[in-house]
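Asks: Chains as they are written, first to last, in the working numbering: chain A, 1 to 669; chain B, 1 to 383; chain C, 1 to 149; chain D, 1 to 472.
Don't read these hints as lab results, they were simulated from the structure.
A portion of the hints provided could be inaccurate.
As the list claims (entries may be wrong) - Okay, derived cross-link-like pairs now, DSS-like style, lysine-lysine, Cα gap no bigger than 25 Å in a straight line:
1) C:LYS95 with A:LYS650
2) B:LYS176 with D:LYS443
3) D:LYS443 with A:LYS659
Listed here are the chains, written in short residue letters.
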Amino acid sequence: MSDNKGIEKPVESKVDQEEKRVGVFVCECGVNIGGVVNTKAVADYIGTLPGVKVTSVNKFTCSDSGQADIQKKIKEYNLNRVVVAACSPKTHEPTFRACIEQMGLNQYFLEFVNIRDHCSWIHMWEKEKATEKAKDLIRMGVERAKLLEPLQASEVPVIDKALVIGAGVAGMQSALDLADMGFQVYLVEKEPSIGGRMARFDKVFPTNDCSICILGPKMVEVARNKNIQIMSYSEVKAVEGYVGNFNVKIEHKPRYLDVAKCTGCAKCSEVCPVEVPYDFNEGFGTRKAIYVPFPQAVPLRAVLDMENCISCKACTKACESKAINYDMKPSYTDVNVGIIVGAVGFKTYDPEPRHDFGYGLYDNVITAMEFERLLNAAGPTGGHVVRPSDCKEPIKVGFVNCVGSRDKNTNIYCSGVCCMVTIKNAQLLKEKRPETDHTIMYMDIRTPFRGYEESYNRSRNLGVKFLRGRPVEVKEDPVTKNIKVRVEDTLANEIRNLEFDLIVLATGIVPHEGINQIQQLLKLSKAADGLLMEAHPKLKPVDTTIDGVFLAGVASGPKDIPYAVSQGSACAGRATILLKNKKAITEGITAVVDPDVCVGCGVCLPMCPFQAIKMDEKEHKANVVKALCKGCGTCVTACPTGALEQSHFKNKQVLAQIKNVFKFQEVAA
Amino acid sequence: MQKGDMFVGWSTKEDIRKRGGSGGLVTSVLAAALDKKLVDAVVVLRKINEFEAVPVITSDVNEVLKSAGSLHSVPSNFAKIIANKNLKVALPAKGCDTRGIIEQSKRNAVSLDNTFIIGLNCGGSMHPSVTREMLEIMYKIKPEDVHGEEIEKGKLIFETKDGKEHAITIDELEEKGYGRRESCRYCMIKIPTNADLACGNWGVVGDLAGKATFVEVNSEKGAKLLQNAIDAGYVQVEKPDEKGVAARAKIKGAMEGLGKKWKDKVFVPMDNRLEYFRKELEHCIDCGACKTVCPTCSCGDVSKCTEYHLRGDAYKMSMYHLIRFLHLADSCIGCGQCSDVCPVDIPLTRLYRRFANPMQEQLKYEPGMDLRKPPYFEAKLEV
Amino acid sequence: MSAEAVAPNTNGWEPKIVAFCCNWCSYGGADSAGMGRFQQPPSTRIIRVMCSGRIDPLHVFNAFLEGADAVLVTGCHIGDCHYVNGNDKTKIKYKFLENVAQELGIEKERLQLNWISASEGERFANFIRDVTAQIKKLGPSPLKPAGVV
Amino acid sequence: MANVYSTICPGCNFGCGLYIRENGNLDVDFRKSSPANSGKLCRFGMSLPRLYTPVRSMVDGKEVELTEAAKDAAKRISASKGSVAFLSFGNTTCEEHLAFGKLGEAYLCTGADFEALPKDTYQTISVGIPYSEIEAAKHIVLFIDPYEQYPLIVRRILSAKKKGAKITSVWWKDLPLADENLRPADVSKLKLSGDSLVIADFHPLSDMENVKNVLSLAKNAGARITFLKPFANSTGAYILSKDAKQKSLVQLVEDINKGAIKTLFCLESDPGEMIPAETLGKLTTLIVQTGMASAITKKAHVVIAHEPLYKKKGTLINNEGRAQSLGGEGTRGLDALGVMAGVKFEFGVLNESVKKTIGINSIDEFTIPKYDRPGYAAPQASVKPVDAKTALVSVFNPFMWFGLPDDNDFVEMNLNTARALKLLKSGTLKIRSNGSAIEKRFKIGPVQENVLLTGRKFGIEKGMLTPVEISR
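Chain A with its partners taken away, still in its complex shape (with noise of 0.2 Å):
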């Protein structure tokens, strides 16, 4: 008002200089708009409007012919704007952006104005008024059009290597790909050991594979791929920067061993006196304080669990190598990347707190994942399954589904594995000892890839029952240690009254407690389940809102382990684009700070998803980085000083627009 008002700011830049000639070309788009709006009429008015230097109709503007008139009139009107008034910016803009770029006109030049769609189409029977209509639409663009700036979208430059935070298949696979393409890739998991979840499955569904046979030689060949370097047993802990280059910091935790010197023999193990639950094992059986993680484990090298050690040093003395190291302390390393690949995988539910179906009260009532390793040859039984309260050999084993999933107490979402994984698992016990008796309590059984209805047809050939209804109540007979369960058989609409000798819970899939961190490091959205979101979730599976990060595996919804494999593989191939070109484009369209106006107060900050505002402390401006700006505009809606602005969807040019939707009235003849 006041204050600044009255001085006239230094001209931007030529472009606000220059005399705008506008050419205007209405589309007929054969008797699609031209049946109903007199475009002849409408060109009329339009040629009459400052700046407009010539209209044209065209029968269809978008073809070759319609296209070359519209480069002939630029030359001939020497045209510095262009107002299209056809069918939908949304299908067609990309077509005339080309057509007046290759007459030297920045393609920001362009206004498309939808008489079609929005008019024509509309107004099928009032001609009249779809003819009056157009006028406003086209002069809205024509004003619209003088206001536009030219735009660059800029190229920021891309550091062909990657990281891959998490070594479970779906990591290792993305590692994989992108070395096999020739890049460097750093692959950060935080065990001891790369193979995530699956290291520790028995067989997997629906073949029924020996996991760890087909894992194994997956883990091998990432250790031997001379482009991926492992760091095991580390963190990320630190991530800055955008799409090309990130600077990531990553902790390497203290083995408390020399891994160049370790041979993975396991001599420490053996004289190590300390006993604890194997977490391998699912708690299960015992480690010892230091100790190889499981035989297969890669690398095989031992670690020191220094919260268990008594510092007796009998390893010490063990170690032929004289690896070990008792004041090691953690060590980081900085690495630059390109991009970034989140596979950080997910937990079972835990259902110990809620002591769903009695677990945690009752011994004999067990999770699935616990089931697995009991099934497992190197497991703590040797593949015996015994049950918990007396290590007998359980005969009547019941399953029940969805523990943890599709419950609006704990998890709404499908955890999509449970009921295969209880097929597998019952299956492979019935074909172990045929004398078992197997009952699985489902809601519904889902089967909907490839294989897995058969195995579920593998599974009733076996006499594997199934019992559509959730059991009400469990129950311990405190004599036998059984499981009384009753439950509501809803096909034969009765109530049932069994007695199982082990129950085996199908529980679902959650995220992992890293998670929050791994969000915030890399600034990702949580979606309400609490899992990572994708940038779109059909045709952006793997992409994030953050360009160079991509997602796969369970990080972010439930899946088996084709897909998790399939998006390890996807991460790869989006992630080459980048780092095969070198380069990535960012947003021609995007926030822009006038430093001038701005006065510091960060309200625009927490508005961008993207945090691609920074506020420069010491000048008290914001920032807008635009390699992370994504051109949304909710920053310049916020501001209060207006001095961020939307290059492309300034106010002024949405203002023009606004004001050229009313005219005064004519005065009657």
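Given the coordinates of chain A, work out where chains B, C and D should sit on it, guided by the hints.
Replies: Just chains B, C and D, lined up with the frame of chain A:
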């Protein structure tokens, strides 16, 4: 000393006690903060006469000591004076000053860590022009003859140079359109619990009445500030009388009740509101003073409300005011500064409150009372 | 062709309605309405922005002051925003707009918020029809400057 | 810390009090106890930080000290003896004006054309009526646009209206505060009585026939009349120049044009806004003494730069005759005038002299001089009717007098005129006058048909009212 503690205190310096009201505690706390380098500067009113004082930022202890004494007819707001100055500063502040400062801090213009706010209990202030007219018409005394002023038991008392006291009840004055500024009448923040200290004469009873200040410590910073003044020998305190604490609460309750009554009286539901607003705003001359003075606005000279309001636009409503109405719906603290400075006497605060009252109620948001960011700045609204 | 596709009565005053649409959903919805030939009264002028979060109260006020009989704020359904949560922020801004409009005494029909996906052409058309009918009942906006159509 | 000055707005003669804070940049702060304006300011007052742009003393484009510039000016003035004119509109303090009067006795111009008016109207024009009396009036007649020209009077008029006063406006457009809106051509329909208070204005570009006309209308009806004026100390300057041989602006222009005046000394006055550029071009020497940079300081041969008004010490008399003191300490303006006059001007001495001349006892805001307002005889006026089909009317406001840009680069016009021309709503209007043409944005308002109002100088104006042709 900790948050929640209450004291009754006074200056140890006799001249300050004499000059300042209520034992000169506030002046002494400010002086001590400056003296002991707790702050780099303080804001005080440089008194010109009974009706005029100009707020200044100073590092001069003498200037601080000179400023002692309260003025009801100097309705300034200090928030903008310290905004964007990057100073370690202490200042006396009414409820509305404090609210303004806190709102500025939410907009990165003030660092609360560096700002020591000595809250002053406030029953309301008066516009100097109105006061002059009131003196002549209601009190029948010449403004030049006024020597001092005081509010006691619902009466506004002026002391003239001849030593005489002239008292009229505030109710009567306000009935006639004089007395407190309108925004003060319906203000509900009488004891600034949002400041680091809350000081005032309410709750000082017995022998100390009129000779001491009641202080409530509202924050750690407040404790530090008061302790500093005690340690530096500027101030003495003692525990307050139970009766005093009760009396203070009672006055607060009564004042708030009165505020509520005024609020209901001023903001009666209205038909044909568009015409009302149009009529009120039709004399606007686009000076922008209401924005410049607004203690919650942190924009510079250029802002959305000014840049997109063009004098060449012939609208039925002013774009400037519409944007202001919107931006202030959650943030207006009702300080009345905009009405004070409007050159064509538009009752702006009343207009802003028309939008702010229902909005702030709905959002359960009280601007300037805590550190919650204005809802307009939120990415997702959870009410 | 839809059942609504019958020639309407074109007599009388036609309101002018400014509809702000986001590029990804509601603008697409308007396109779909066209493709489905869902006939609408010729009252509405669409202004495209990238995200409903970009619909500045400034724009809405300006539309009213220039003479709009109604202003429509539209975007993607909550949860479907192309920019993660732009429409959540739109909701907040809209709440403030609503407050100003209501306290000013502008009839609530004149300012409306609607989430319309790109596939909901019929919903878009119905929305325009409903709003136009409501506004025809109310008559021209009291904020419309004299002599402006 | 920050310096705070208690000062008076130089925007017009209303006498609005304010504070200026010096704090790296300048900030305006509100002086709520100021009696003229209760601390309230118009858009010009709010723009003061923009107005007060620093200026340096210069001789022929070279930076020099103030004394040196003043000495150089003195040399040029004495060399040009007999062809020197001294111009001061009244943006100075009374003390400075007194010193100036001594310097420029030979050819003094305050811009006002008192020569064209009967002598007995001098005092009525010089000193206005107290604002409190405007608030108490029963009928107010406006020959100004108070919103654009003297905004702080709006609240006084509104206050009167609230108390039941009837407001009549005689203006080119309807004013929101008026109960009755007459057009200047219909002035004959105006009904005045002894209860009426006429508010007009008086400035260097005023049409003297119009001034005489309002004077006689008021006189004949027995109504009171007050003239608002555009310069901070117009009233003080006029009273102090009462006995001086004042030359009118028209006379000055004529004298420069015919070569009688070759050197012009301007004290805190920018003639660029009032004297045609070609006339100024005929001067051999232009000397400007001022406290702030403007267009004219760039053109001047000698610039004598003293402190800006807010830093000065001195007395101003506002339109209602209230003596006001400035809160600064600076007297460098007097020092410079002293160098030129060859005497040392002591502030104290001048100050006493001012008090005596004006008839006040002390420099105090609350002192209203007991100025005996004599009656005057109704002067004969011959107001020329507007004969052009379309006219561009300049609505003079503080921004125009100071050449300070404002957000008003448009003309205001009638809707029917716009519709008849088939103007586009966001388009422009072509305005032609005597061969030159400009294209301007336009604002639709309740303006008389075929009249364009402007608050900004476009460069095609010929005085207050310019016949023009308009088209799309």
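Asks: Now tell me if each hint is right for this structure.
Replies: Each hint tested on the structure:
no.: 1; hint: C:LYS95 with A:LYS650; in the structure: holds (23 Å)
no.: 2; hint: B:LYS176 with D:LYS443; in the structure: violated (42 Å)
no.: 3; hint: D:LYS443 with A:LYS659; in the structure: holds (14 Å)
In this structure, only the earlier hint numbered 2 is contradicted, and the remaining ones agree with it.
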